[in-house]
Each structure stands twice: as C-alpha cells, then as structure tokens.
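A.B. asks: In case you want the letters, here they are:
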Amino acid sequence: MNAIEVNNLTKRFGDFTAVDNLDFEVENGEIFGFLGPNGAGKTTTARMLTGIIKPDSGLIKIKGIDIQRNPIKAKQIIGVVPELSNAYTDLSAWHNLQFMAQLYGIPKNKSTKRAEKLLMKFDLYEWKDHKVKTFSKGMKQKLILAMSLMNDPEILFLDEPTSGLDVRSSRLIKDMVLELNKEGKTIFLTTHYMEEANQLCNRIAVINHGNIAAIDAPEKLKMRIGGLKWVEIGFNIPVDPHDLHAMQGVVDVQKSGDKLRLYTDKPGRIVYQLVDYSRSSNLEILTLNTMTPTLEDIFIKLTEGE
Amino acid sequence: MTVAVILMVIDQLKRALAISKKDIMIYYLKGPVIIFGVLFPAFLFVAFMIGRDLPVDFLIAGLLGMTIFFTSTSITPVIAPTETQTRNLERLASSPVSITTILLGDILASVLFGIGISLVPILLGIALGVTITHPFTLAVAIILASFCFSAMGLIFSSTPTSMTSTVMMMSTMVKFPLVFISGVFIKLGDLPQWGRALASISPLTYITDLCRYSFHETNYYSVYVSISALIMFLIIFMISAVKLHEKSLPKRL
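Chains as they are written, first to last, in my numbering: chain V, 123 to 428; chain F, 13 to 265.
Simulated from the structure, these hints should not be mistaken for laboratory data. Some hints could be false.
Unchecked claim - Distance condition first, Cα-Cα at most 20 Å in a straight line; then the derived SDA-like pairs of lysine to any residue:
no., chain 1, residue 1, chain 2, residue 2
1, F, K263, V, K307
2, V, K243, V, K253
3, F, K263, V, G161
4, F, K33, V, F135
5, F, K26, V, P229
6, V, K230, F, K26
7, F, K259, V, F135
8, V, K259, V, K230
9, F, K33, V, S214
10, V, K351, V, K381
11, F, K263, V, D178
12, V, K253, F, K263
13, F, K199, F, V58
14, V, K253, F, Q97
15, V, K423, V, P229
16, V, K307, V, E282
17, V, K259, V, G286
18, V, K344, V, E317
19, F, K259, V, S179
20, V, K423, V, Q376
21, F, K42, V, H252
22, V, K351, V, Q376
23, V, K259, V, T211
24, F, K42, V, T256
25, V, K195, F, I18
26, F, K259, V, I175
27, F, K26, V, K255
28, F, K199, F, I18
29, V, K176, F, K263
30, V, K259, V, W216
31, V, K255, F, T98
32, V, K195, F, K263
33, V, K344, V, T211
34, V, K381, V, D362
Said to hold, decoys possible - Have a look at the derived ranges for each label pair, beta carbon to beta carbon:
no., chain 1, residue 1, chain 2, residue 2, range
35, F, P262, V, D297, 50 to 60 Å
36, V, V361, F, R99, 21 to 31 Å
37, V, T409, F, R99, 52 to 62 Å
38, F, V68, V, K255, 43 to 53 Å
39, V, H367, F, K263, 23 to 33 Å
40, V, V361, F, K263, 54 to 64 Å
Glycine residues also receive a C-beta, built at the ideal position from the N, C-alpha and C atoms.
One chain only, chain V, in its complex shape:
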C-alpha cells in the first residue's frame, strides 16, 4: 500500500480548472517534491490531499483510507505545515502544542511528554511559556513543524516550509525534514526552491496548468533535457559576448551576473578555446566552471510558455 494514491483528481473554480485529472502516488518513506509555477495547482492539490477542500472528482487515498469518505480517520495520521505561519500568536508555544494534542485526541500524559520532546528537539524549550507573538519567524516555523508532529504522523505535508527564512533557520528545517524522513515518515513537500527540492526529494512532480508535466527522481529529470551543458567564465574585464559566440561548438552565450555562460554540448573543447582566447587577448580568468542542467532549468523547460 502506498502512502498517498491519487486517481483522476480534478478541481474547478467556476470555469477555471485548477487541477485537471491528476494521477500519481507517493511511496512509503519517500520525500516527494511538488513543484510548479504560481497558479499551477500545487496548493489546491495539497489542500485536497489534506482534506481541507473537496475535489470535484477523483480519488485520494491516504494509507489506503479514502479521505473523502473517512476524513477524520485519514487526517488523524497526517501532519500539515501550511504555507503561512499559523500558530496561535496569543497562546504560548506550550498551549499551541497542547491544543494540537487535544485536536488529535492524544491523552494528557502522552501529550506532555511529546510536547517536551519536540520543544527540546527544536530548541524551543526555554521559550515554551512565551506567547508566540514574541517569536521570530524562524522560531514560529519551528513551532509550526513541532505542532504538525504532535500526533506523530505517518505522512507529513509541508507547504513551502522554508519560505522567507534566513539561511540558518532554513538549513535547520531542511535537516529536520531529512531526520524525520530517516525516522520513516513520508514527506510531501511543496516548494518553490529548486535547490531545496534537489537536496531533499527522492522524486519530484512538476505541475503546470493543473497537469503533471513530469514526475521522476531529480537526476533522472535532469537527464531528460540533458545534452546541452554550459561553461561559465568570468574575466578581469568585460568582454564582448560576440567574440565567444564565434567559438566552435558554442550554441548560445548569455550573461549571468558578471560572468558569461556559454551553452554547448562539448564543454571540454570550449575550455581549451577560452584559455587560448584569454591568452591572446591578455585577459585574466577569474572563474571557470563547467555545469550540467539544474533542476531550475528542467522546471523552466517543463513550464515554459508561462
């Protein structure tokens, strides 16, 4: 039995079809990334999967439980971290956690231990009696993640969990996600950050216009549009891109900040030519990298025409 099974899932808002006949499954224990441009249907899909809104048609099974027929039972085994901070800011961290425990019907003695453990784990124990409105964004996000774990869920839905966080908080959340996955939790991750999806996800689905454009492991997705690679070079003084475009094997040249990016299917040959060019033009090479397509390139390729 898969963690999540989705068949022919459709949701319309008036004449607009937000999610169009989606089919996919998430295996037990995997981190499944859900990527897509704004308005592609990511959040609508996540909300249907978590039972927040009802689909117009289609079937969603959470660990074999039909969430439309048995929403309480299905929601009991999932944890949700919505996109925006939504702990109760007038309550303390402790009361927020206890409220979650009560919503999930967790007995008092168990919920006390679990809340203490989670507060320790997220480095919030000293702040347990402080109202959430005094917390920084990073602390709030850690608390929200802790709240979603109060029921020890089998599946965790994370909607943009690191959005707007500083590097340190973001890394901490990502480490937590990996740790939770190691503990055996299945994770459904909606994110805009390609690098985050690349680092964390076993498989990624790219959704566009309510349809799944591609679904595969990150590296396999990169191979799909493989072929074209690029060499990135930075000189001590600006150079005319047309000079580099004339090199043999260069398909395109684009500016990338203070560097130039030369697209080619033979990066090795381009490197030799660049070294010769720098010698003949008396230029100093500050940086030189050969690169393969990133997940961002895949995303752009799959969702182009936006």
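The hints should help you fit chain F onto chain V, whose structure is shown.
C.D. replies: Only chain F this time, still in chain V's reference frame:
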C-alpha cells in the same frame, strides 16, 4: 447507533471542548471584552429606562435578556474571519475535526461567556430586592438562550471574509432592530397587534419573557411556548450555521 459512532461523537465532543478552551483563552479572557459585555447592554438599558416608572423586576428581566443576547452574539461572529486572516482556520480544517465540531467548540465558549456575564444583572437584581421565583426555569432559559444566540452569531460569521468589520456591521444591522422589536423596553401586552407579531419572530422576545416569568410571573407567553420557541430557533440557527460554513470554508482559504 453503533458503539463506534457513539465513541466517535464523544471523541469529537472532547475536541470541541479543546476548541472552546482555545477560544476562551484567545478571545474571551480579555478585559475589554468582559467590560463591553456588561457595560454595553447596561448603558443601552439605562438610556431607555430613565424617567419611566417601571417595576425593578421588569427592568432587570429586560437587562438580563439583553445581556445574554449581546454577550452571546459578541465574539462568535468574529472568530471565523479572524482565524481566516491569521491562517489558523487552515490549521483547524486540516485537523481531524468536522466543521460541526469546530462550530460547536465556538458555541460552547460563547455559552460559557454568556452564562458567566448573565450573573452580573442577576446579582444586581438581587441587590435591588428582586426575588427569583423560578430559579430552575431561569437557569434553563439562560442556557438555552446562550446556545441560541451563540449559534445565531455563527450565521453572521459564515460570510467568507477575513474582514471582521464587515461581519460586525452585518451583525449590528440585525441585532439592534431585534432589541427594539422584542419587548425588552415595552411589555409585550402593551404592544399593538403588529408589534406582537413582529416580536414573535425574535428569539430575544422569548428569553426576556422567560426572565419575567422567573422573577415575577409577568410573562406574556406560556413557559412551554417560550422554551419551545428557543429550542426551535437553536435548531434552525445551528443547522443554518453548519450548512453555511460548509459552503463558505473553501472560499475562505
């Protein structure tokens, strides 16, 4: 009903209590809310009663009815729009509770608040020499009316908006006319035929009348009529609130 269903209902009731506890901590246990709950009906009442020669038990019954009405409908309309704005509603909607459970939790908190604040006019009445002839009827009336008005407040909050001002405006537009047609300031028997007909469509009429019965047996309707009317209003308000919120929830998110 099977055992599993009974257990599920008990389980959901416990979760509704958790929601009401949260509501009390966030929305009700605030000085301005409590002061407003007592002072507003008192000022309104004094403004209309000054200079009129009416018995004190008549006055206290009207004040009690109004206090329950204003306190029980004061916070329930703003919870949903506030939690829409703060994105707490999405958290609740994703947790294993039904919409009925969420609304029941909101109602329970409001009922406790309404009952608690209703003690103020009762104690004031006792201090002024009013005797409670039928305490049991009064208790039933206060509890029923608190449930009824709290459910009524939820109907206002079903508007899919995150603007509390919009909801409060709608709520005020309905609440104020009700006060003036419900026999709070004038005895129902003194109203013209059309006035009595208008009063009969307001739940506030029946709680005020029950209070008058409980203090001095100066009621217009029989106790059974008033209690049945409040139960009927409660059922209508509760069913309407659940249906309307089921429809509006997806639009809020």
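A.B. asks: Hint by hint, say whether it matches the structure.
C.D. replies: Results of checking the hints against the structure:
1. Simply put, K263 (chain F) and K307 (chain V) have alpha-carbon atoms about 31 Å apart, too far for the 20 Å limit, and the pair is violated.
2. Taking the CA atoms of K243 (chain V) and K253 (chain V), the gap is near 19 Å; set against the 20 Å cutoff, the hint holds.
3. A threshold of 20 Å between alpha carbons decides the hint, and for K263 (chain F) with G161 (chain V) the separation of about 16 Å falls inside it, so the pair holds.
4. In summary, the hint linking K33 (chain F) to F135 (chain V) is not supported, as the alpha carbons are separated by about 35 Å, beyond the 20 Å threshold.
5. Taking the CA atoms of K26 (chain F) and P229 (chain V), the gap is near 11 Å; set against the 20 Å cutoff, the hint holds.
6. For the proposed pair K230 (chain V) and K26 (chain F), the alpha carbon gap of about 12 Å is at most 20 Å, so the pair holds.
7. Of the supplied pair hints, the one linking K259 (chain F) and F135 (chain V) holds, its CA atoms being roughly 13 Å apart against a limit of 20 Å.
8. Simply put, K259 (chain V) and K230 (chain V) have alpha-carbon atoms about 29 Å apart, too far for the 20 Å limit, and the pair is violated.
9. Distance hint between K33 (chain F) and S214 (chain V) is fulfilled; the C-alpha atoms sit about 14 Å from each other, no more than 20 Å.
10. The straight-line distance between the Cα atoms of K351 (chain V) and K381 (chain V) is roughly 16 Å, inside the 20 Å bound, and the hint therefore holds.
11. Proximity of K263 (chain F) to D178 (chain V) is assessed by CA-CA distance (about 15 Å); at most 20 Å being required, the pair is judged to hold.
12. Of the supplied pair hints, the one linking K253 (chain V) and K263 (chain F) is violated, its CA atoms being roughly 30 Å apart against a limit of 20 Å.
13. Our distance criterion of 20 Å between C-alpha atoms is met by K199 (chain F) and V58 (chain F), whose separation comes to about 16 Å.
14. Only pairs whose Cα atoms come within 20 Å are accepted, and K253 (chain V) paired with Q97 (chain F) is accepted, the gap being roughly 19 Å.
15. Distance restraint check for K423 (chain V) and P229 (chain V): the Cα-Cα separation of roughly 50 Å exceeds the 20 Å cut-off, and the hinted pair is therefore not satisfied.
16. Only pairs whose Cα atoms come within 20 Å are accepted, and K307 (chain V) paired with E282 (chain V) is accepted, the gap being roughly 18 Å.
17. Proximity of K259 (chain V) to G286 (chain V) is assessed by CA-CA distance (about 8 Å); at most 20 Å being required, the pair is judged to hold.
18. Simply put, K344 (chain V) and E317 (chain V) have alpha-carbon atoms about 13 Å apart, close enough for the 20 Å limit, and the pair holds.
19. Simply put, K259 (chain F) and S179 (chain V) have alpha-carbon atoms about 17 Å apart, close enough for the 20 Å limit, and the pair holds.
20. Straight-line distance between C-alpha atoms of K423 (chain V) and Q376 (chain V) comes to about 17 Å, which keeps the hinted pair within the 20 Å bound.
21. At roughly 18 Å between alpha-carbon atoms, K42 (chain F) and H252 (chain V) fall within 20 Å of each other, so this suggested pair holds.
22. As the CA atoms of K351 (chain V) and Q376 (chain V) are separated by approximately 13 Å, the hinted pair is consistent with the 20 Å bound.
23. Distance restraint check for K259 (chain V) and T211 (chain V): the Cα-Cα separation of roughly 12 Å lies within the 20 Å cut-off, and the hinted pair is therefore satisfied.
24. Our distance criterion of 20 Å between C-alpha atoms is met by K42 (chain F) and T256 (chain V), whose separation comes to about 19 Å.
25. For the suggested pair K195 (chain V) and I18 (chain F), the alpha carbons sit about 15 Å apart, so the restraint of at most 20 Å is met.
26. Note on K259 (chain F) and I175 (chain V): the hinted pairing holds, with a Cα-Cα distance of about 10 Å set against a maximum of 20 Å.
27. Between K26 (chain F) and K255 (chain V) the alpha-carbon distance is near 27 Å, which puts this suggested pair outside the 20 Å criterion.
28. Distance restraint check for K199 (chain F) and I18 (chain F): the Cα-Cα separation of roughly 45 Å exceeds the 20 Å cut-off, and the hinted pair is therefore not satisfied.
29. For the suggested pair K176 (chain V) and K263 (chain F), the alpha carbons sit about 12 Å apart, so the restraint of at most 20 Å is met.
30. At roughly 17 Å between alpha-carbon atoms, K259 (chain V) and W216 (chain V) fall within 20 Å of each other, so this suggested pair holds.
31. Straight-line distance between C-alpha atoms of K255 (chain V) and T98 (chain F) comes to about 12 Å, which keeps the hinted pair within the 20 Å bound.
32. At roughly 24 Å between alpha-carbon atoms, K195 (chain V) and K263 (chain F) are farther apart than 20 Å, so this suggested pair is violated.
33. Under the criterion of a C-alpha separation no larger than 20 Å, the hint pairing K344 (chain V) with T211 (chain V) is inconsistent with the structure, at around 42 Å.
34. Taking the CA atoms of K381 (chain V) and D362 (chain V), the gap is near 12 Å; set against the 20 Å cutoff, the hint holds.
35. For the pair P262 (chain F) and D297 (chain V), the supplied restraint of 50 to 60 Å is violated, since their beta-carbon distance comes to about 35 Å.
36. The beta-carbon spacing between V361 (chain V) and R99 (chain F), approximately 50 Å, falls outside the hinted interval of 21 to 31 Å.
37. The hinted range of 52 to 62 Å is not satisfied by T409 (chain V) and R99 (chain F), whose Cβ atoms lie roughly 43 Å apart.
38. At roughly 46 Å, the beta-carbon separation of V68 (chain F) and K255 (chain V) lies within the given 43 to 53 Å, and the hint holds.
39. Here the CB-CB span from H367 (chain V) to K263 (chain F) is close to 53 Å, at odds with the stated 23 to 33 Å.
40. The beta-carbon spacing between V361 (chain V) and K263 (chain F), approximately 56 Å, falls within the hinted interval of 54 to 64 Å.
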